[in-house]
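Since the structure of chain A is already known, use the hints to place chain B on it.
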Amino acid sequence: MHSVSDNTLIQRTQSGNIDEYGELINRYQTAVFNVCYRLLGNYQEAEDSTQDAFIRAYQKLHTFDIGRSFSPWVRKIATNICLNRLQKREPEFLPLDNEHIKGMTTNKTTPEEVIENIEQVNLIRQAILDLPPKHRAVIELRHYQELRYQEISETLKMPLSDVKSYLFRGRRLLAKKIKENGYSKE
Amino acid sequence: MDTQKNNHPKEFFFQEYLDKELSPSDRRNFEKHINWCEKCKEVMLELQDLYSQIEGLSEFEAPSDLSPVILDRIKSVKRVEPLLKRMTTIQITLTTILVVISFSLTSFDLINSSLSDILTIVLAGLQKSIWSIFDGINSFYYLITNIKISFNNIDAFSVLDAPSLNHLLLFTISSGLLWLLGNKVLLTRINQNFTINGG
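Top line first, the protein sequences correspond to chains A and B.
Sequential numbering of the first sequence, starting at 39, is according to this note's numbering.
Sequential numbering of the second sequence, starting at -17, is according to this note's numbering.
For reference, chain A alone in the conformation it holds in the complex:
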């Protein structure tokens, strides 16, 4: 638990103390970076989008409702930034090295199990990246940011029926892809 709350940091930032915003960035940069990497699949693009997301959040900080949580808000911003980027140009998928992965190993996993885990994870990651941008964005917001359908609709500014359609079709495509590539839990 942090000694200074997010709301205090936000209020101090709004008062003109920009350096307090640095602490907010430190707290949520991993979450935001992972949103961007899941959507873009490219380290450099994800890093650029993460920077853009925090800058955009800073520019809109005066509109932020202190009663809400900062992390979901900035992650939604990141999702929209990545979606805009995807609609302009699809970045090249560059899988990250094992050393960048958090928590892939425990005391009980063998090296072979670690490698297998990484292969399976990359398979699913690639399957998600093969989805069209809007399907990908909806999957991200539902499964990783745990937004309700209505919240997804508001975030992406699309009708509720479209949200459901993209979500259901996206899952169907993922299931097919994973099955084709022979992923198995056993």
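Note that these hints are calculated values from the structure, not bench results.
All values derive from a computational prediction rather than experimental measurement.
Check before you lean on any hint, since a few could be wrong.
[Unchecked claim] DSBU-like cross-link-like pairs, simulated, lysine-lysine; straight-line CA separation at most 35 Å:
hint	chain 1	residue 1	chain 2	residue 2
1	A	K195	B	K2
2	A	K214	A	K98
3	A	K172	B	K57
4	A	K217	B	K2
Chain B only, in chain A's frame:
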């Protein structure tokens, strides 16, 4: 939702159930159906498996130097914004002064001659009106007639010849267009470096 035998729920029902988006009554009916229907139970398990595969992606560490880089970019934008506002104000002021001076220089003669002509005509009209006031019946007729004659004779309007007016209009429009173009190019170049789309 119909939960009679052989009426299996549609595919989206399974997903909405797992997404916790079903209404309470639909949720109860769906659970009732799943409890006895093996086929639907199997579909549900497959879907749950898919969900856990999707959500099982591991997280990556973010680059370590993000915070100082982002703060530097924010501070750069904050330095430029007041400068942009000042530049816009200066541009508007300079252009306005330029247009006013140009207008004044090109139309000084026009205004000058118009004013003196109008003043002459008004004084002449007043003079005649005052003299005709002693003739009670014709004074009003003379006032109207004099004003009408005066307007027909105003030389000032002849100063508004087509070439002078065209030059003036052309200069004003050109200045305005140049200002708009310069402003747009300058602001676009600066904003490209500092404005983020999205969010």
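Hints broken by the structure, by number, lowest first?
2
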